[in-house]
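Number of protein chains: 2
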Amino acid sequence: MTAANVVPEWLSRRAQHSPQTPALLFGGSTWTFAELDAAAWNVAGKLAALGARDGARIALLASAGPDYVALVHGVPRAGCILVPLNTRLAPDEIAWQLKDAGASLLVYDAGSAEKARAALAQVPGVTPVSLAGPEPGAVAWTGVSPEPLAGRDTIALDSVHSIIYTSGTTGRPKGAMITFGNHFWSAAGTWMHLGARPDDRWLAAMPLFHVGGMAILIRSAIAGVPVILHPRFDPAAANRAIDEDGATIVSVVATMLDRMIAERGDEPYPGTLRAVLLGGGPAPPALVARAEALGVPILPTYGLTETASQVACMAPGEALGKPGAAGKPLFPARIRIVRDGRPAAPGEIGEIAVAGPNVTPGYWNRPEATAAALRDGWLHTGDLGYLDAEGYLYVADRREDLIISGGENIYPAEVEAALAAHPAVAEAAVVGAPDDHWGQVPVAYIATRPGCAVSDEELLAFLRRRLAGYKIPRRIVRREELPKGPSGKILRRSLREGLADEPAAQPAEGPSSEGRAAGEREQV
Amino acid sequence: MTAANVVPEWLSRRAQHSPQTPALLFGGSTWTFAELDAAAWNVAGKLAALGARDGARIALLASAGPDYVALVHGVPRAGCILVPLNTRLAPDEIAWQLKDAGASLLVYDAGSAEKARAALAQVPGVTPVSLAGPEPGAVAWTGVSPEPLAGRDTIALDSVHSIIYTSGTTGRPKGAMITFGNHFWSAAGTWMHLGARPDDRWLAAMPLFHVGGMAILIRSAIAGVPVILHPRFDPAAANRAIDEDGATIVSVVATMLDRMIAERGDEPYPGTLRAVLLGGGPAPPALVARAEALGVPILPTYGLTETASQVACMAPGEALGKPGAAGKPLFPARIRIVRDGRPAAPGEIGEIAVAGPNVTPGYWNRPEATAAALRDGWLHTGDLGYLDAEGYLYVADRREDLIISGGENIYPAEVEAALAAHPAVAEAAVVGAPDDHWGQVPVAYIATRPGCAVSDEELLAFLRRRLAGYKIPRRIVRREELPKGPSGKILRRSLREGLADEPAAQPAEGPSSEGRAAGEREQV
Chain F
0 MTAANVVPEW
10 LSRRAQHSPQ
20 TPALLFGGST
30 WTFAELDAAA
40 WNVAGKLAAL
50 GARDGARIAL
60 LASAGPDYVA
70 LVHGVPRAGC
80 ILVPLNTRLA
90 PDEIAWQLKD
100 AGASLLVYDA
110 GSAEKARAAL
120 AQVPGVTPVS
130 LAGPEPGAVA
140 WTGVSPEPLA
150 GRDTIALDSV
160 HSIIYTSGTT
170 GRPKGAMITF
180 GNHFWSAAGT
190 WMHLGARPDD
200 RWLAAMPLFH
210 VGGMAILIRS
220 AIAGVPVILH
230 PRFDPAAANR
240 AIDEDGATIV
250 SVVATMLDRM
260 IAERGDEPYP
270 GTLRAVLLGG
280 GPAPPALVAR
290 AEALGVPILP
300 TYGLTETASQ
310 VACMAPGEAL
320 GKPGAAGKPL
330 FPARIRIVRD
340 GRPAAPGEIG
350 EIAVAGPNVT
360 PGYWNRPEAT
370 AAALRDGWLH
380 TGDLGYLDAE
390 GYLYVADRRE
400 DLIISGGENI
410 YPAEVEAALA
420 AHPAVAEAAV
430 VGAPDDHWGQ
440 VPVAYIATRP
450 GCAVSDEELL
460 AFLRRRLAGY
470 KIPRRIVRRE
480 ELPKGPSGKI
490 LRRSLREGLA
500 DEPAAQPAEG
510 PSSEGRAAGE
520 REQV
Chain A
0 MTAANVVPEW
10 LSRRAQHSPQ
20 TPALLFGGST
30 WTFAELDAAA
40 WNVAGKLAAL
50 GARDGARIAL
60 LASAGPDYVA
70 LVHGVPRAGC
80 ILVPLNTRLA
90 PDEIAWQLKD
100 AGASLLVYDA
110 GSAEKARAAL
120 AQVPGVTPVS
130 LAGPEPGAVA
140 WTGVSPEPLA
150 GRDTIALDSV
160 HSIIYTSGTT
170 GRPKGAMITF
180 GNHFWSAAGT
190 WMHLGARPDD
200 RWLAAMPLFH
210 VGGMAILIRS
220 AIAGVPVILH
230 PRFDPAAANR
240 AIDEDGATIV
250 SVVATMLDRM
260 IAERGDEPYP
270 GTLRAVLLGG
280 GPAPPALVAR
290 AEALGVPILP
300 TYGLTETASQ
310 VACMAPGEAL
320 GKPGAAGKPL
330 FPARIRIVRD
340 GRPAAPGEIG
350 EIAVAGPNVT
360 PGYWNRPEAT
370 AAALRDGWLH
380 TGDLGYLDAE
390 GYLYVADRRE
400 DLIISGGENI
410 YPAEVEAALA
420 AHPAVAEAAV
430 VGAPDDHWGQ
440 VPVAYIATRP
450 GCAVSDEELL
460 AFLRRRLAGY
470 KIPRRIVRRE
480 ELPKGPSGKI
490 LRRSLREGLA
500 DEPAAQPAEG
510 PSSEGRAAGE
520 REQV
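If you're matching them up, the sequences are chains F and A in order. Per numbering that gives the first Met the number 0: the first sequence ends with 523, consecutive numbering throughout. Per numbering that gives the first Met the number 0: the second sequence ends with 523, consecutive numbering throughout.
One or more of the hints may lead you astray.
From the structure, some residues in chain F lie toward chain A, with a derived Cβ separation under 7 Å [stated by the list, open to error]:
no., residue
1, V6
2, H16
3, P18
4, P21
5, R196
6, P322
7, G323
8, K327
9, R335
No lab work stands behind these hints: they were computed from the structure. Bear in mind the structure is a predicted one, so any value in this text is a computation, not a measurement. For every residue, glycine included, the Cβ atom is placed at its ideal position computed from N, Cα and C.
So that you can see chain F by itself, here it is in the shape it has in the complex:
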């Protein structure tokens, strides 16, 4: 940390400049930047009172709301590292992430209390902190008296702001360390691309535990742009935010946009809507065309947890003319395509690699995974794509075998490991089946052990205890044996290709009440 690396903490600086500007609109109430800043100081004071030391990991399991926003700003201000947890995870998954992060506190709200308790039962040494009020065995957040003058109003750009878990092709999720500098440069890239206007308001209707949601909050503080926050995605509410509350910028995944348009009928959107960032997977050309016809300025974009959100983005008016493109790299980021260890030619598909000050310094406590992903300053994303001659990025295929369902990422290996944990399952493979609404849904292929039997219902119940709902296979297909390559590896590809011959997938789970939104590999 050198002097050139230290800047004022963004929210406190913003509150100094624009104290009376609205920072947050939520459920009919408004918080100014001065009020949000005071709330963040309050968080820092409470963490100090709870004895949270510098660099302590504070896990957060809660739905979007003012408390969440205050914690996003207040935890790093206290010198602690924020670990946002996906509220859709199963207790086992939460427990695993708490252990991996070495969390000292788990802050949770009423809606996640049951999951929190189930997870905490597996991880001794983590202090439960309930946002909702007094609860046996937990610290009541509202009852903690904040220590005065705790927290800091400057930040070192190279220190870690948050650890955000992201899965990989193999094994358990990894915690990407996102520094203050990563967040700053990401925000700078977005604002250099979009410009910030005095009447801007950013609608955040996607989960705040993903980098895409968190990045909206940080961009807001840096540029002084109000956030309209929805507790969950609701298409009618999102449309009202645009029509009545003046949302000018909206972050969505394709499923969300689809539902918004359907809810609205054919009514055009107002001219005040100037940018709809469409991430979380490829932008379906038909959807782009329908949306643009209704006056929705679609900006397809590509981003990752490891890059603190957006790294490429289309400009307004470009989407229709370049179907499938995800834009040019944003101001601080460089993108190259690597093929057989060499830079690919324009138009040639290879692995997408990203460099820049917005790229994570690595994964928490994973030197090997870090070394594998980050080589000479380039993050090797595992995603396949190409750059055209003009420099537009096309994402040909997300990380091998990755299933993207309503913007959430599902890694087959994780679901397969959960299936294989059942004593009756000999072999398991999970692939993505096309789905009109979610884009893709997971389908499981299994072979049972000789002499063992397990019903679909039993197996799904077994999985639900271990996995988030959106990861639960929509269908279970049974085989005597799964197809394998010469090395004995199961050939997911051949299963995927055979999917068309199977009967149509039936939802094993109804649509989530929260609405899916941009996942780890997302684009806003």
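For this one, chain F is given, so just place chain A on it according to the hints.
Below, chain A without anything else, positioned relative to chain F:
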């Protein structure tokens, strides 16, 4: 240099995103970002052809125009360091800066050719490069064939972009090293403060050799905002740029604004004009009131060469209510007031200190001056001021004894040393006299040696060979002896206080044809 410190070179990135957006409007012609980018590659190729090595200092003595802009971007792109020289300097001053910087090339235009030749005669080893065309003994810039593929499209934020000379209270000017990161963070601070809008155009009518002018060019490339460039300040042309060419942001010093308003009569300015950054010294309240009455949104601001331009700035609408304030610190900068080595209380006057990633790492080849100015990451500016309880900066007094004349800084010590070099002068002191038009003008007090005589005309001619025109005293007052303190130091303060009793100052020089504009200690 780490990977997190490397970003795309801003103009090449901008040209990739907004190739057809106008970058530069000058004399009825327009250059797009793609054209300006090509011009900068051309500069880099020519420098490579001339054998300029990495880190070579390339001095530039020219008036504002497209060549200048291409060099501002092309020299650093070639890996060289740009050393912009004040075209108003005397040949002796230019020679001194060339020597101090260890310049390998001096690039000059027709208007500065005579001065350049006179300076080069004193500094062997500097290659003269003429922008105007073939000239005996000089390389003709137009005749150099650029080396293909020379230059870089990425930059390390901690490497030096430019060396900009700034004077001090004692001795010779010092070259402040401004890194790419200093420029970036300064630009980020400005845009976070003003926001960037699609219709923005920034009028640059101030010298490009000062940091205030250069910063406009860099902000423009970073945000994709067109610059309307004037070769020199002309009040009618500046008004036309606002009325007819759509200038939305304008950088001025008080003298410029005063002349613009006078030229216009009482006609209000159009609503498209959204920010007039007023730097180069305190904002006279009467001028602010007159300007605001005509619809000019005045934003008083404070900045320094060492901070790569602006560090504090008022918000629109604030200037009238807080006369004398220079605003709150911009996003990346921290400001504190130091008094007797301790932070001052709100309202208490002390030395203004600045920290942040926009602060210079130091002065070129001046470790002692660097150590004196930069302590624990804080730049001690020498300026006096205070912060009020709300965090607004008030600049009570620029650097001790500094004279600001039409936005140019005059350091008495430098003029006094030139006076003392005349054999007839025994003692000399220079102070600032109030002036309705320039704000201040320099006045010299001298005592001649017994038995020696020198006329005003002789002495002024002697000075003109050594000093820039704006530094030449407007009047010479003769004394038997100058007032001194107990230690024998001349008391400039008592001379300044006695000025009111002297007959009114008569200009020794007419107003500069270039119009004065924001100097080293400037604010835009």
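Hints, verified against the model:
1. Interface hint at V6 of chain F: satisfied, since its Cβ lies 5 Å from the closest Cβ of chain A, which is below the 7 Å cut-off.
2. For H16 of chain F, the interface hint holds, since its Cβ comes within 7 Å of a Cβ in chain A; the closest pair sits about 6 Å apart.
3. For P18 of chain F, the suggested interface contact is broken, since its CB lies about 9 Å from the closest CB of chain A, more than 7 Å.
4. Here the hint on P21 of chain F is broken, as its CB sits about 16 Å from the closest CB of chain A, past 7 Å.
5. A cut of 7 Å between beta carbons decides the hint on R196 of chain F: the least distance to chain A is about 6 Å, and the hint holds.
6. The interface hint given for P322 of chain F is broken, as the beta carbon of that residue sits about 20 Å from the closest beta carbon of chain A, more than 7 Å.
7. Because the closest C-beta pair between G323 of chain F and chain A is about 19 Å apart, greater than 7 Å, the hint is violated.
8. Checking K327 of chain F against chain A: minimum C-beta separation of about 6 Å stays under 7 Å; hint holds.
9. Look at R335 of chain F: its Cβ only gets to about 12 Å from chain A, farther than 7 Å, so that hint breaks.
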